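Peer 1: Sequence:
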Amino acid sequence: MALNKYLDIAPEVQKALDEGRPVVALESTIISHGMPYPQNVETALNVEKIIREHGATPATIAVIGGRLKAGLSPEEIDYLGKTGPAVAKASRRDLPVLVAEGRDGATTVTTTMIIAHMAGISVFATGGIGGVHRGAETTMDISADLEELAHTPVMVVCAGAKSILDLGLTLEYLETHGVPVIGYGTRELPAFYTRKSGFAVDYEIDTPAELAKAFYVKQDMGLGGGMLVTNPIPEEYSMDADVINKAIDEAVEEAKAQGIHGKETTPFLLAKIKDLTGGDSLASNIQLVYNNAKLAAATAVELSKLAKN
1 MALNKYLDIA
11 PEVQKALDEG
21 RPVVALESTI
31 ISHGMPYPQN
41 VETALNVEKI
51 IREHGATPAT
61 IAVIGGRLKA
71 GLSPEEIDYL
81 GKTGPAVAKA
91 SRRDLPVLVA
101 EGRDGATTVT
111 TTMIIAHMAG
121 ISVFATGGIG
131 GVHRGAETTM
141 DISADLEELA
151 HTPVMVVCAG
161 AKSILDLGLT
171 LEYLETHGVP
181 VIGYGTRELP
191 AFYTRKSGFA
201 VDYEIDTPAE
211 LAKAFYVKQD
221 MGLGGGMLVT
231 NPIPEEYSMD
241 ADVINKAIDE
251 AVEEAKAQGI
261 HGKETTPFLL
271 AKIKDLTGGD
281 SLASNIQLVY
291 NNAKLAAATA
301 VELSKLAKN
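With the UniProt record's numbering, the residue at position 74 of the sequence shown is 74, and numbering never jumps.
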């Protein structure tokens, strides 16, 4: 693939891939745009540690100095964390310019999927995916994450779609594009901070081995595209639905009043919700990422077994 000449795979990640061992991709927007320093770096390093403890090799993904990176050093993670929102938030449309100009970029779900696939990584753990924004029938504000899930063969393990979105329309969009939406141990779409949304997923699957088999068969059949695994936040970290929904409604109204739109929307809303909930939403966010890392690692382990057979 022509893109590969722009890609650097960390030696630890390359060795795991060469030996057919499980690897889990991680995004970097959560480091630069998702949390304050040093909590962002602590969280990123903890996620990598959790993945190692569950039998897989972590590959945090970013663009640094115009190079697409699959696997970062602790120093590179610290650099992204310290630089924070000054690092460009890189979606598919941004990659050519960032690479051409030798710039840095924190990868979203979309670009993490792209770079993971380039590197040969099939499983990716994140917090929540983007989706169809509220009011998209007039704004046409639909996350590129959904289009990437339709085309790029990577399994994305998340805690559902952020409840700042229109969850019903997000599911409709994924259905139209042939993306299976799996609930891990649930038939209901988790809503990021909370375990329930009122919307049904396509299938419930209860073990990492079954998740791996569904994804393996999808690729083996030549159907292509990704698979979305929605993993509910652990009960003890789940937020009160009324509290979080009230905060979301307030944040959405303020974003409208300030004319916030496009790629600025999600960081603005998440920061506002964090303020409105006294930081509880950030604590929940960290725990659900850890939970997704465990499931992604366990699934990657099972997928590597299938690939060897």
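Note that these hints are calculated values from the structure, not bench results. One or more of the hints may lead you astray.
Pairs of lysine-lysine residues, derived as BS3-like cross-links and limited to a Cα-Cα distance of at most 30 Å, are as follows [to be verified]: (1) K89 - K246; (2) K274 - K213; (3) K89 - K274; (4) K49 - K15; (5) K15 - K5; (6) K308 - K49; (7) K15 - K308; (8) K246 - K274; (9) K246 - K15; (10) K246 - K49; (11) K305 - K218; (12) K218 - K294; (13) K196 - K218; (14) K294 - K213; (15) K308 - K213; (16) K196 - K213.
Pair by pair, the computed Cβ-Cβ distance ranges are [to be verified]: (17) K256 - R92: 23 to 33 Å; (18) Q258 - P74: 13 to 23 Å; (19) P85 - E210: 21 to 31 Å; (20) V217 - G168: 21 to 31 Å; (21) E204 - E264: 13 to 23 Å; (22) E204 - G102: 23 to 33 Å; (23) E175 - M221: 14 to 24 Å; (24) T207 - E236: 34 to 44 Å; (25) G185 - G259: 36 to 46 Å; (26) A241 - A100: 43 to 53 Å; (27) K308 - Q258: 17 to 27 Å; (28) R103 - E264: 28 to 38 Å.
Everything numeric in this text was worked out from a predicted model, so none of it was measured. Each residue gets a CB set at the ideal place from its N, CA and C atoms; glycine is no exception.
Peer 1: If a hint holds in the structure, say so; if it doesn't, say that too.
Peer 2: A quick look at each hint next to the structure:
1. K89 - K246: With Cα atoms ~28 Å apart, K89 and K246 stay inside 30 Å; holds.
2. K274 - K213: Since the Cα atoms of K274 and K213 sit roughly 37 Å apart, the hinted pair is violated (cutoff 30 Å).
3. K89 - K274: holds (20 Å)
4. K49 - K15: Cα-Cα ~18 Å, so holds.
5. K15 - K5: holds (18 Å)
6. K308 - K49: Status holds; Cα separation ~25 Å.
7. K15 - K308: The given pair, whose Cα atoms are some 16 Å apart, holds under the 30 Å limit.
8. K246 - K274: Roughly 12 Å between the alpha carbons, so the hint for K246 and K274 holds.
9. K246 - K15: violated (48 Å)
10. K246 - K49: Answer violated: K246 to K49 is near 35 Å, above 30 Å.
11. K305 - K218: holds (16 Å)
12. K218 - K294: holds (23 Å)
13. K196 - K218: holds (27 Å)
14. K294 - K213: With a Cα-Cα distance of about 18 Å, the restraint between K294 and K213 holds, given a limit of 30 Å.
15. K308 - K213: Answer holds: K308 to K213 is near 13 Å, not above 30 Å.
16. K196 - K213: Distance of about 26 Å is within 30 Å: holds.
17. K256 - R92: 23 to 33 Å: For R92 against K256, whose Cβ atoms are near 26 Å apart, the range 23 to 33 Å holds.
18. Q258 - P74: 13 to 23 Å: violated (37 Å)
19. P85 - E210: 21 to 31 Å: violated (39 Å)
20. V217 - G168: 21 to 31 Å: holds (28 Å)
21. E204 - E264: 13 to 23 Å: Once the Cβ atoms are compared, 35 Å apart, the range 13 to 23 Å for E264 and E204 is violated.
22. E204 - G102: 23 to 33 Å: 46 Å Cβ-Cβ, so the 23 to 33 Å window is violated.
23. E175 - M221: 14 to 24 Å: holds (18 Å)
24. T207 - E236: 34 to 44 Å: This hint is violated: roughly 22 Å between Cβ atoms.
25. G185 - G259: 36 to 46 Å: holds (41 Å)
26. A241 - A100: 43 to 53 Å: Check passed, 45 Å falls within 43 to 53 Å.
27. K308 - Q258: 17 to 27 Å: Violated, at about 53 Å.
28. R103 - E264: 28 to 38 Å: violated (18 Å)
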